[in-house]
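Between the sequences and the hints, there should be enough to build the whole structure, so can you do that?
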Amino acid sequence: GGDMGRPGPMGAAGMEGRSAARDPVFEKGQSRRIWGELYKVIDSSDVLLQVLDARDPMGTRCRHLESHLKRNHRQKHLIFVLNKCDLVPSWVTKKWLSALSEEYPTIAFHASINNPFGKGSLLGLLRQLARMRTDKQYISVGMVGYPNVGKSSVINTLRSKKVCNVAPIPGETKVWQYITLMKRIFLIDCPGVVYADKGDTETDAVLKGVVRVEKLEDATEYIDEIINRVKPEYLRRAYKLTGWKDAEDFLGQVALGAGKLCKGGDPDLNTAAKMVLHDWQRGKIPFFTLPEGCLDEKPETRRKKESTDEKDHEGEDLSEDGGDADGDPVTELDKKSQELVASKALEALEHQQKAHIPVQEGYFVGEDAKGDSDEDSDEDASDVPDDDEDADETEKEEDEEDSDDEELDLDWESVMAAMNSGN
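Counting in the working numbering, the sequence shown runs from 2 upward without gaps.
Treat the hints loosely; a few may be bogus.
[Stated by the list, open to error] Now the in silico label distances, taken between C-beta atoms and shown as ranges:
| hint | residue 1 | residue 2 | range |
| --- | --- | --- | --- |
| 1 | 250 | 218 | 19 to 29 Å |
| 2 | 244 | 103 | 33 to 43 Å |
| 3 | 244 | 283 | 21 to 31 Å |
| 4 | 203 | 239 | 18 to 28 Å |
| 5 | 250 | 336 | 54 to 64 Å |
| 6 | 44 | 262 | 48 to 58 Å |
Source of the hints: derived by calculation from the structure; they are not laboratory data.
All C-beta atoms, glycine included, are put in the ideal place defined by N, C-alpha and C.
Right, here's the structure in full:
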């Protein structure tokens with residue numbers, strides 16, 4: 002197929018050089034096939050949802066994709082979905098909402114079939130867009146993001162039936178399908194793409210969940226960074242410890258506590274390290290980052306990295322033929338659509354800033370937990386309609402509208418055929 006010949010953003014030679022130098026587990030998801038899938042998703046989507054992990058939104062952003070869209074596809078909408086907002090204090094989510102909204106429409110999201118948050122806002126936004134685009138037979142929505150940010154969970158929440166195989170193992174979504182979201186809106190279920198971020202160290206790749214923990218030869222070398230990023234009280238609580246001298250001592254105690262011993266009776270540090278990394282990837286260890294300008298910004302390197310990141314990718318192009326310098330043409334209707342999405346996103350932002358954002362109970366303590374209690378200081382919060390009620394109304398409306406529509410999940414070929422004839 003045409004995709005295979007297209008090198009990933011590193012350039013074919015660069016990728017091969019890097020694979021040789023780096024352990025192959027760090028190339029998970031970097032394969033040509035998966036990059037090919039990413040282009041297919043971008044090309045076929047009117048709206049791209051970039052799913053970010055609320056614990057580390059900047060670390061899970063793909064700047065590369067953002068600049069590619071700005072350069073080549075200005076008529077496509079990019080919306081940030083700040084997922085896993087139940088794993089950070091609500092005041093932190095609200096800070097990130099404000100910061101990210103300055104760049105792109107951003108919606109905080111908690112993926113859950115029974116108690117979702119952000120679903121009503123996101124569906125409302127997509128529906129408004131679909132109503133406006135009378136020139137299209139339907140609107141297609143693509144999901145992109147790092148592995149492990151919860152793309153499949155977001156899809157399941159939006160569709161409220163279990164569709165995707167959700168597993169906190171990087172690289173689960175392999176082949177893709179079209180899912181009917183509501184009348185005239187299709188969702189593409191897209192594979193987790195690992196973006197080759199030039200500033201990423203191997204530790205970054207492990208902590209972002211890009212690499213399967215079982216595949217690591219020596220898991221102990223990544224634990225120092227977890228100890229740096231996590232407040233000690235959360236590690237003490239998670240592993241019932243009172244204190245430790247260094248990473249080795251910490252792992253020794255975790256191993257003894259879990260009964261993980263080597264043959265000679267010494268603590269098995271590698272197995273303990275893998276347990277800790279699994280807990281980290283699955284959200285068992287509380288941790289969050291703050292936007293620039295807020296205190297507490299842990300990873301110092303990030304500021305430097307971001308400033309160089311844009312420069313690194315300058316002049317690179319993801320498009321097959323190098324793309325027209327001006328990218329796709331932008332019509333008047335495209336401009337109106339962008340304005341509509343911007344204003345709807347602003348309404349959603351105001352709504353979410355006042356709303357009570359669900360946070361796992363007892364997950365945070367002390368200063369971190371301020372504002373997460375039910376007696377939220379915000380008096381306006383009570384008259385904000387609850388997000389999921391919103392979503393339910395949305396679905397009732399849709400059910401009435403759609404009663405005569407077949408629910409159809411299309412395969413790639415029939416969708417392409419429809420696109421070529423219809424759009």
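Next item on the list: With respect to the beta-carbon atoms only, verify the hint that residue 244 and residue 103 lie 33 to 43 Å apart.
Entry: At roughly 41 Å between Cβ atoms, residue 103 and residue 244 fall inside 33 to 43 Å, so the hint holds.
Next item on the list: Go ahead and decide if the range 48 to 58 Å is satisfied by the Cβ distance of residue 44 to residue 262.
Entry: holds (53 Å)
Notebook entry, point to check: How does the Cβ-Cβ distance of residue 244 and residue 283 compare with 21 to 31 Å: does it lie in that range?
Noted result: holds (25 Å)
Notebook entry, point to check: Does 54 to 64 Å hold as the CB distance between residue 250 and residue 336, or does it fail?
Noted result: Holds, since residue 250 and residue 336 (Cβ atoms, about 60 Å apart) stay within the stated range.
Next item on the list: Could you see if the CB distance from residue 250 to residue 218 stays within 19 to 29 Å?
Entry: For residue 218 against residue 250, whose Cβ atoms are near 22 Å apart, the range 19 to 29 Å holds.
Checklist line | Cβ separation of residue 203 and residue 239, checked against the hinted range 18 to 28 Å | finding: Roughly 24 Å apart at Cβ, these two residues keep to the hinted range, so it holds.
Of the numbered hints given earlier, the model fails none.
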